[in-house]
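Peer 1: Below, each chain spelled out in residue letters.
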Amino acid sequence: MSQSIWNWVFVLSSFGLYIGIAYWARVKSTKGFYVADQGVPTVLNGMATGADWMSAASFMGMAGLISVMGYTGSMYLIGWTGGYVLLAMLLAPYLRKFGKFTVPDFIGDRYYSNVARMVAIFCAIFVSFTYVCGQMRGVGIVFANLLGWPVLFGVLIGMGIVFFYATLGGMKGITYTQVAQYCVLICAFVIPAVAISFQMTGNPIPQLGFGSSIQTGDNAGLFLLDALDKIHAELGLPEYTGAFVAGKKSMIDVFAITFALMAGTAGLPHVIIRFYTVKNVQAARWSAFWALLFIGILYTTAPAVGAFARVNLLQTTHNKPYTQVPDWFKKWENSNLIAWVDKNGDGLIQFGGGAAMVGKPIPAEGEARGSHGERLVTNAPTKSANELYVDRDIMVLANPEIAKLPKWVVALVAAGGLAAALSTAAGLLLVISSSISHDLLKRILKPDMTEKQELRAARIAAAVAVIIAGYFGINPPDYVAALVAFAFGLAASSFFPAIVLGIFSKRTSKEGAISGMLTGILFTAGYIIYFKFINPAANIPENWLFKISPEGIGTIGMLLNFAVTMTVTRFTAAPPESIQDEVERLRYPSKD
Amino acid sequence: MSTDEKHRQYWRTNIKVLSILLAIWFVFACVLPIFLVEPLNEIRIAGFKLGFWIAQQGTIVVFIILILAYAIIMRKVDAAHGVDQSGTQSTSPGSSPASESKSAEDAKS
Numbered sequence: 001m002s003q004s005i006w007n008w009v010f011v012l013s014s015f016g017l018y019i020g021i022a023y024w025a026r027v028k029s030t031k032g033f034y035v036a037d038q039g040v041p042t043v044l045n046g047m048a049t050g051a052d053w054m055s056a057a058s059f060m061g062m063a064g065l066i067s068v069m070g071y072t073g074s075m076y077l078i079g080w081t082g083g084y085v086l087l088a089m090l091l092a093p094y095l096r097k098f099g100k101f102t103v104p105d106f107i108g109d110r111y112y113s114n115v116a117r118m119v120a121i122f123c124a125i126f127v128s129f130t131y132v133c134g135q136m137r138g139v140g141i142v143f144a145n146l147l148g149w150p151v152l153f154g155v156l157i158g159m160g161i162v163f164f165y166a167t168l169g170g171m172k173g174i175t176y177t178q179v180a181q182y183c184v185l186i187c188a189f190v191i192p193a194v195a196i197s198f199q200m201t202g203n204p205i206p207q208l209g210f211g212s213s214i215q216t217g218d219n220a221g222l223f224l225l226d227a228l229d230k231i232h233a234e235l236g237l238p239e240y241t242g243a244f245v246a247g248k249k250s251m252i253d254v255f256a257i258t259f260a261l262m263a264g265t266a267g268l269p270h271v272i273i274r275f276y277t278v279k280n281v282q283a284a285r286w287s288a289f290w291a292l293l294f295i296g297i298l299y300t301t302a303p304a305v306g307a308f309a310r311v312n313l314l315q316t317t318h319n320k321p322y323t324q325v326p327d328w329f330k331k332w333e334n335s336n337l338i339a340w341v342d343k344n345g346d347g348l349i350q351f352g353g354g355a356a357m358v359g360k361p362i363p364a365e366g367e368a369r370g371s372h373g374e375r376l377v378t379n380a381p382t383k384s385a386n387e388l389y390v391d392r393d394i395m396v397l398a399n400p401e402i403a404k405l406p407k408w409v410v411a412l413v414a415a416g417g418l419a420a421a422l423s424t425a426a427g428l429l430l431v432i433s434s435s436i437s438h439d440l441l442k443r444i445l446k447p448d449m450t451e452k453q454e455l456r457a458a459r460i461a462a463a464v465a466v467i468i469a470g471y472f473g474i475n476p477p478d479y480v481a482a483l484v485a486f487a488f489g490l491a492a493s494s495f496f497p498a499i500v501l502g503i504f505s506k507r508t509s510k511e512g513a514i515s516g517m518l519t520g521i522l523f524t525a526g527y528i529i530y531f532k533f534i535n536p537a538a539n540i541p542e543n544w545l546f547k548i549s550p551e552g553i554g555t556i557g558m559l560l561n562f563a564v565t566m567t568v569t570r571f572t573a574a575p576p577e578s579i580q581d582e583v584e585r586l587r588y589p590s591k592d
Numbered sequence: 001m002s003t004d005e006k007h008r009q010y011w012r013t014n015i016k017v018l019s020i021l022l023a024i025w026f027v028f029a030c031v032l033p034i035f036l037v038e039p040l041n042e043i044r045i046a047g048f049k050l051g052f053w054i055a056q057q058g059t060i061v062v063f064i065i066l067i068l069a070y071a072i073i074m075r076k077v078d079a080a081h082g083v084d085q086s087g088t089q090s091t092s093p094g095s096s097p098a099s100e101s102k103s104a105e106d107a108k109s
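As given, the protein sequences belong to chains A and B, one line each in that order.
Just so we're aligned, residue 1 is where the first sequence starts under our numbering, counting upward by one.
Just so we're aligned, residue 1 is where the second sequence starts under our numbering, counting upward by one.
Think of the hints as simulated: they come from the structure by calculation, not from any bench.
Note that the coordinates shown come from a computational prediction; the quantities given were computed from them, not determined experimentally.
If a hint is listed, it holds; no wrong ones were tucked in.
Listed next, the in silico PhoX-like pairs over lysine-lysine satisfying Cα-Cα at most 20 Å (straight line):
#: 1; chain 1: A; residue 1: K331; chain 2: A; residue 2: K404
#: 2; chain 1: B; residue 1: K6; chain 2: B; residue 2: K76
#: 3; chain 1: A; residue 1: K506; chain 2: B; residue 2: K16
#: 4; chain 1: A; residue 1: K279; chain 2: A; residue 2: K97
#: 5; chain 1: A; residue 1: K404; chain 2: A; residue 2: K330
#: 6; chain 1: A; residue 1: K331; chain 2: A; residue 2: K407
#: 7; chain 1: A; residue 1: K330; chain 2: A; residue 2: K343
#: 8; chain 1: A; residue 1: K97; chain 2: B; residue 2: K6
#: 9; chain 1: A; residue 1: K383; chain 2: A; residue 2: K343
#: 10; chain 1: B; residue 1: K6; chain 2: A; residue 2: K506
#: 11; chain 1: A; residue 1: K100; chain 2: A; residue 2: K446
#: 12; chain 1: A; residue 1: K343; chain 2: A; residue 2: K320
#: 13; chain 1: A; residue 1: K279; chain 2: B; residue 2: K76
#: 14; chain 1: B; residue 1: K16; chain 2: B; residue 2: K76
#: 15; chain 1: B; residue 1: K76; chain 2: A; residue 2: K97
Sequences and hints are given; from them, build the entire structure.
Peer 2: Below, the structure is given as C-alpha cells:
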C-alpha cells in the first residue's frame, strides 16, 4: 500500500472514532456540557487530562526544542510536569470541592465581586485563545507537510471535527474523545521512539537507550550523550549536556522560566476544569496522579527522542555531499522546513553554530535549483559557517522516515499529531465557550436565563470560537510563538496566586485579590509587550530585569501578585462571614 | 472532640503533609536540576551525567511519586478525621452511617 493510502486509513479511522464517541456522549444539561456530569472515572480523567495538556507543541515541538537546546530544554520538561504537583496539592482537590463549573466562577464567588469575575473571564479567554491558535496551526502543519494536503483543507476538517464534538457533547464529549486521543497520541509517540532507540543503541526502552552507547557509525562505542557532546565541540556548538556554558541561558533565567511554566501550568483554566469533572475530592487527587503518570510517559521519552534525532541529523548531514542526502531531506526541503546554502561552494553540507540564513527559508522564483540540485532560497546568507537550516518542529514528524520505519508508522505519527492538537483545542474551546455563556451571560449579564438558553449560548459561543481559531490556523499571525510566553506568564501572574490565596488564606479580601491580579497582569504583559513587540531589538540579557527573559517574567509577576494581594488585604475589611464559611467548606472533603 | 476541632486538626495535618511534599518538590524542581546541576554533573551513572539525568528524567519520576504519596496519605488522613466522602454526594460526617462508624472507631483508638 502506498503512503497516502496508509495516511487516509489512519487519519480517517481516528476521526471516525472521535465522531462516534462524541455522538455516544452527547449531552442535554449544562452540568453535562460544562463538567461532564461530574462522573468521569479517575483513570479516564487522567488520560483525558493528558491529552488535554499535551498539545501540538508537546507532541511535535518539544523533542525538537530539546534536541536544539540540550540541557536548557529541561526547563520545559520540569516546568510542564512540576506544575501538576502544585495542581494536585494546592488547587485541584479544593476546587473540586467548590463544585461549580469554571475558574471565573471560583474567583468571582470567592472574592464576592463581579469585577474579579470580569478580570478572570478576560484572562481565561485571552490565555485560551493564544493557545488554541497554536493548535490549529499544528493541525495545518501536519496536513500540509506530512499528508501533503492543503492547509486550508486540513484546518477546515479539524475545525469541523472539533465543532461537532465540542458543541454536541460539551465536556462529556470532549472527555471521552480525549481518552481515545490520548491512546492514539501516546502510541504514535512511543512506537517510533522504541524503534529508533533499538536501532541506535540496541536498547528498546528509549529512557535507557538515552544513557547507552551507539551501536554503529562513526561514533560506535561512545555513549550517546558523550557522542553528542563530542560532535557539538567539533562543530563549535555549546556542549549538549552542559548547563550554563557560553551560548546557553543563565541559571537565573532557567530558574525563572521553569518556575513561570510550573505556576502557569497549575493556573491554566483548561487544565483546572478537568478536575471539576470527577466525582469527589479524593478522585481529584487520584486523577492528578494518573494524569502526570500518563503525561510522564511522553515527557520522559521526549528528551531521548530529541537526543536520537540530534545524533541522526548530525551524522547523516554534516560534511556529507548534498547529492547523497536521503529522500526525507529532499522532501522536507520541498516544504521549506529544511534548506541548504552552499556558502563555500564545496558541495558538502556543513553544519555549525549560528543561523545559516536570515529568517525562514523563502524559495527562489520558479523553484529554481542550484548546481548540486538543491532548492535555492532568496534569504540572505549569514556570515556563520553553518550552511543548514532545519526547522525544529520537524524532528518528531521526520523521525520515522529518518529511521526508515514502515509506512504505517508514518501515518500513525500523523494521526498522533492531529490527536494532540485537536484534543487540546477542544479543551480550550470549552473554556472559551463556558467563560462567555456561563460566566459572562449567566452570572453577570442575564442571570434569569433558563438552562436551555444557557446551553444554546454555550454551543453558539463554542461555534464562534472554533471559527475564529480556524481563521488564525489558516492565516497564522507571526506573533503566535511570542504569544505562548504570554499564556503561561499570565496564568502564573493572575490565576495561580488568586486561587491559592483564596483557598489557604480566609482573610484575603476582594480588594487584595483584584489589585494583586491587576498588578501581576499589567507588569507581566507590559514586560512581554515591550520586549517582544515594541522594542524587539532590546530583547537581550543586558537589558532584562534581573537578567530574566520575557518567557520567565511571569515568576516575578506572580511574586508581585502575592505581595500586593497580601499587603492590600491587611488594610482592607475581611471578607463577609458567609465567604469565610465557604472557604472552610472547601477545605474538608465532606463538609457541606 | 467537636466537629470543628476535628476539622481544624485535619487542616493542620493537610498543611503539614503538603509542606513536606512541596519541600521535596522544590528540591527536585529547582535545587538539584538547576542550582546544583554543575557539581552533580561531575558524577556519572552509565552514559548519564547525574545532574543532566535528574533534569531530564529524574524530576519527572519524583513528581509522579509525590502526587501518589499525597493521594495515599490524604486518603488515610481523610478517613482518620472522618471527613472522607462516600458515594458521589458530599455528606457531612453526622449524616452518613459509613463515616459515623469511622468516627466511632476513631474515638475508640
